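**Student:** Residue numbers (my numbering), protein chains in the order written: chain A, 1 to 211; chain B, 1 to 607; chain C, 1 to 242.
In short, the hints are calculated from the structure, not lab data. Take the hints with a grain of salt, since some may be wrong.
[Claimed, not checked] Some chain B residues well away from chain C (every beta-carbon gap over 10 Å; in silico):
| no. | residue |
| --- | --- |
| 1 | Phe7 |
| 2 | Arg43 |
| 3 | Arg90 |
| 4 | Lys123 |
| 5 | Asp186 |
| 6 | Val317 |
| 7 | Leu332 |
| 8 | Gly333 |
| 9 | Ala334 |
| 10 | Glu470 |
| 11 | Glu497 |
| 12 | Gly510 |
| 13 | Glu551 |
| 14 | Arg556 |
| 15 | Lys584 |
| 16 | Gly591 |
[Claimed, not checked] Computed footprint of chain C on chain A, listed as stretches where at least three residues anywhere in the stretch have a Cβ under 8 Å from a Cβ of chain C:
| no. | segment |
| --- | --- |
| 17 | 85-95 |
| 18 | 100-113 |
| 19 | 175-183 |
Here the structure is a predicted model, which means the values were calculated and not measured. Yeah, the Cβ is synthetic: ideal placement off N, Cα and C, and Gly gets one too.
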Amino acid sequence: MQLQRTLTRSRKADLMTELVQTVSGLLLVGFLWTHMLFVGSILLGVEAFNRLAQFMEQFRLLDVAVVFIILTAGAHVAAVFRRIPGRWQEQKIVWKHAKTIKHADTWSWLFQAVTGSAMLVLIIIHVFIVVYAGINAKLSADRVHSWMLGFYIVLLLLAEYHASVGLYRALVKWGVVKRKSLKKVLTFITVCTIGLGLVSLWLFLSLGDSV
Amino acid sequence: MSRFDSFTSDVVIVGAGLAGERAAIEAASQGLDVILLSLVPPRRSHSSAAQGGMQASLGNSAMGEGDSADVHFADTVKGSDWGCDQDVARLFAETAPVAVRQMAFWGVPWNRVVAGKRMYDGKEIQEDAEKEGLIAARNFGGTAKWRTCYTADGTGHTLLYTMDSVVIKLGITVHDRTEVLSLIHDGIRCSGVVARCLRTGKLRVYTAKSTVIATGGYGRVYGASTNAIINEGSGMFVALETGKVPLGNMEAVQFHPTGIVPSWILITEGARGDGGYLLDKDHHRFMPDYEPNKKELASRDVVSRRIMQHIRKGYGVESPYGAHVWLDIRHLGAKHINTNLREIANISRNFTGIDPIHDLIPVRPTQHYSMGGIRTHIDGMAYGLEGLFALGEAACWDLHGFNRLGGNSLAETVVAGMIVGDKIANYTKEASLHVSSSLIEDHVKFQEDRIDAFIHQRNGKENVYQLRREMERILSEHVGIFRSEEALTKAVGQLHELHQRSHHVGLRSGGQGGDPELASALRITGMIRLAYCIAAGALARQESRGSHFREDYPKRDDGKWLKRTLAYWPVGAGEPVLEYEPVKITELPPGDRGYGEASTQAVKAKS
Amino acid sequence: MNPRQLTFHILRYNPDTPKQAPTMQTFELQEEMGMTLFIALNKIREEQDPSLKFDFVCRAGICGSCGMLINGRPTLACRTLTKDLPRDISLMPLPVFKLLGDLSVDTGTWFRDVSLRTEAWIHTEKVFEPKAQEERMDNETALNIYEVERCIECGCCIGGCATANIKPDFIGAAGVNRVSRFMIDPRDERDEQQYFDVVGSEDGIFGCIGLMACDDNCPIGIPLQGQLAYVRRKMAVAGWKR
Chain A
1 MQLQRTLTRS RKADLMTELV QTVSGLLLVG FLWTHMLFVG SILLGVEAFN RLAQFMEQFR
61 LLDVAVVFII LTAGAHVAAV FRRIPGRWQE QKIVWKHAKT IKHADTWSWL FQAVTGSAML
121 VLIIIHVFIV VYAGINAKLS ADRVHSWMLG FYIVLLLLAE YHASVGLYRA LVKWGVVKRK
181 SLKKVLTFIT VCTIGLGLVS LWLFLSLGDS V
Chain B
1 MSRFDSFTSD VVIVGAGLAG ERAAIEAASQ GLDVILLSLV PPRRSHSSAA QGGMQASLGN
61 SAMGEGDSAD VHFADTVKGS DWGCDQDVAR LFAETAPVAV RQMAFWGVPW NRVVAGKRMY
121 DGKEIQEDAE KEGLIAARNF GGTAKWRTCY TADGTGHTLL YTMDSVVIKL GITVHDRTEV
181 LSLIHDGIRC SGVVARCLRT GKLRVYTAKS TVIATGGYGR VYGASTNAII NEGSGMFVAL
241 ETGKVPLGNM EAVQFHPTGI VPSWILITEG ARGDGGYLLD KDHHRFMPDY EPNKKELASR
301 DVVSRRIMQH IRKGYGVESP YGAHVWLDIR HLGAKHINTN LREIANISRN FTGIDPIHDL
361 IPVRPTQHYS MGGIRTHIDG MAYGLEGLFA LGEAACWDLH GFNRLGGNSL AETVVAGMIV
421 GDKIANYTKE ASLHVSSSLI EDHVKFQEDR IDAFIHQRNG KENVYQLRRE MERILSEHVG
481 IFRSEEALTK AVGQLHELHQ RSHHVGLRSG GQGGDPELAS ALRITGMIRL AYCIAAGALA
541 RQESRGSHFR EDYPKRDDGK WLKRTLAYWP VGAGEPVLEY EPVKITELPP GDRGYGEAST
601 QAVKAKS
Chain C
1 MNPRQLTFHI LRYNPDTPKQ APTMQTFELQ EEMGMTLFIA LNKIREEQDP SLKFDFVCRA
61 GICGSCGMLI NGRPTLACRT LTKDLPRDIS LMPLPVFKLL GDLSVDTGTW FRDVSLRTEA
121 WIHTEKVFEP KAQEERMDNE TALNIYEVER CIECGCCIGG CATANIKPDF IGAAGVNRVS
181 RFMIDPRDER DEQQYFDVVG SEDGIFGCIG LMACDDNCPI GIPLQGQLAY VRRKMAVAGW
241 KR
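Let's have the full structure, built from the sequences with the hints guiding it.
**Tutor:** Below, the structure is given as structure tokens:
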């Protein structure tokens, strides 16, 4: 043991970071899926969607959600940041490694890291817009009816992929699960939520046409 | 940069398998400075491959009830066909239970007794509730009682990993990837070794008060052997090449009845111990025809010979790799095969593509163990040189005589490690290191010259790999299970010539750094000398004893041959010189060699 | 059926000439019945290039010496049959471990270091009594220990692990698995806090990011995913209590 290490023994920190990463990740998955259900309320009609939005504004749930997302996502980003190879050589090693061993779960982690980094930017924009403009069906429809349609489709795919792979990994790391069956279940859920998101987007798109 | 690296310690041990490590632990815990040398990382040693078990007369299992050191002793002596040293066998049998318990204390997860009834080979066995949780034993060939302690199918593995964990805990120095080239000696005393680093190719000198050889067997001089490829007998031939130290009973070579065809990987006796059958080409279980009582579990040499005999009668299954018989474990069931015999199942699946749950396993007797080795006194010190010790398979301590019982080799490594390790420690504490630098210089210079000659092809261009194949072929063809004057004479003649040719090896690779071809070249002459000692000893011994079976002398001849062969190789000689010494009989006079049942009666008669 | 002509692409590297970058050298070899990579590599060395370095010891899948990347996949060469591989076979040494030349890597030193750091031996205050009967143990417990103890330290889980590839101090699945062997052994008197000191960090279980290449590539099928999760949960509880 070196001097600097004996003087600063804080072996709990690694566990805590790990816990923050896992718990925040799980919360974010929960948030994302709830969020998608709420957005999906457009399937029940414009009326239902707007009423839900008003309800949230009325009880300041939107603010709560925004604060929650900033804190949780912030914690998540801070915790997982240590996992991303920082040095250029490490980056090269990791990519070469994945190409060499041709192992699906290793590739999925690299995509997880890439989608996570990309989402960081997209989510900031998304949250900013929502906070600035508020929520109602018309606003959404207008946005979707512009170049931003692409933005939402990309965000939807990235978020669902990242959530699915992240949840998979958390359960594999902590739980007693069969990986094959877990993969099947999660793929099913992800396809459903992506489907729900796409249908919602399509509805907003057609709304944008009509309004 | 210096020409070679130097290390000094109290004890230098060559070989970090079970025997070497156990001796190292004993010496180190008595306060001595120990260096272990090993060809490979210690946990890769061939000890790890012993699947079956370790004999010790704990008598916890129902079928081991009434077992004692006396019965174990009697089994061992009979198994050896009265070729063993009875003092050694007695000491061994008394110590084995302590050794097993100590290994349990250090962490070996021995299988334990589970109370209750179960079926075995059509009989019901009732395990005693009072013994629940004590170390269990399984059935093994040639034993009167169930005495073989085991951890599922990985006994050697768990023993070695546990032993090595103690070595690590004690902080014993290990230099792996180091190969010994010669012993430093002045004709009276051994003072260490010259070695070569297999990473860099650099020479090293290890000087020590005691030098210990624990390098295991020489199986690889035979082509078809169950041994690991590192089992090339280097410890034995560096001792032989001193001209002072004899090898004992080299003609005593054990063939394991069940090497898998054609990779010759061992299928453990556990397969038969747990109730497996041997079948011929007509799927007939033939062992009961020859050995009605012990059937598949007669002594290894007996089973091996019966298989070959049956094949010679025309009942073998023909294959491109020669005739073989079948091992059948299908009736033991998928659950038993996948847990207790998992290693066997894996070997069958991975190396031959056979699933033993549904298919028969092709097997044939295969070279397996060398009872012979560096002849030592009962305290483990080698004949001929002071300060040189040997133990384990590399030694002829003489626990096994002319046939070793299954489960006695793992037991020997650990027990000899305890006993000889203690003797080494005692000797070393009193000894002092006197070695002149010119002696060291001579030994190093000798090896440097050899290496230089190989690299520059100074003595010729003989291909080392071709010589090896030749040697393997000669032994396999002429010095196998059934031996005769004609074949052995041929073998001796051919080996004599091969030995001469081995002086003319030249490298094709350049021999720089840790070059593998150079390593082979440095070994080849020594290996051929071992082969020569085996063939010459077998030719001279005009009787049949244990695993040594002469078709022209099919009977044991105690009148002429109740003696041990000592093979010397005088420096510069072209062939070995054979001498003999009497075998000490203390308790059990030579008798008819029964298996199992007979030895219990002998003990009863004695008491 | 005509025997196939196999093409081996083997990484060549000599540590004595470090300036020479590793290259892939090609060897042609005719396939034989029941040919394993053990047989193939020895043939290449004996007939084509006697300087080729690789490690085999038991050649029976027991000793763990011959781990290498076979067409990218970390596994044991001795029990890989050529008939299960395509005509083109690429062989590279395992990453992470020190490269000793060509296909030979120094797994021994790496594992010894991990054993030392994790104190992988039975810790007990008791003294062995040669005359006493052994302590009893449930056979189920013995079998459970053995199940984990089976690790042959071949290093396939380490070479296949992205984390181990970039973090030199990470003990990997084999290291964590070894510690778990002592956790379930009643003879080891260490408490959970002592184990936490050994594996409760980024270099131990919390360095694992769950890629599970270890679990997918373990040649002898140790349930590494389960062992890693078991240690993770146990260490989380232990750490929480500090």
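**Student:** For each hint, tell me whether it holds in the structure or not.
**Tutor:** Comparing the hints with the structure gives:
no.: 1; hint: Phe7; in the structure: holds, 17 Å
no.: 2; hint: Arg43; in the structure: violated, 6 Å
no.: 3; hint: Arg90; in the structure: holds, 17 Å
no.: 4; hint: Lys123; in the structure: holds, 21 Å
no.: 5; hint: Asp186; in the structure: holds, 34 Å
no.: 6; hint: Val317; in the structure: holds, 16 Å
no.: 7; hint: Leu332; in the structure: holds, 17 Å
no.: 8; hint: Gly333; in the structure: holds, 17 Å
no.: 9; hint: Ala334; in the structure: holds, 16 Å
no.: 10; hint: Glu470; in the structure: holds, 13 Å
no.: 11; hint: Glu497; in the structure: holds, 21 Å
no.: 12; hint: Gly510; in the structure: violated, 7 Å
no.: 13; hint: Glu551; in the structure: holds, 32 Å
no.: 14; hint: Arg556; in the structure: holds, 35 Å
no.: 15; hint: Lys584; in the structure: holds, 27 Å
no.: 16; hint: Gly591; in the structure: holds, 33 Å
no.: 17; hint: 85-95; in the structure: holds (count 4)
no.: 18; hint: 100-113; in the structure: holds (count 7)
no.: 19; hint: 175-183; in the structure: holds (count 3)
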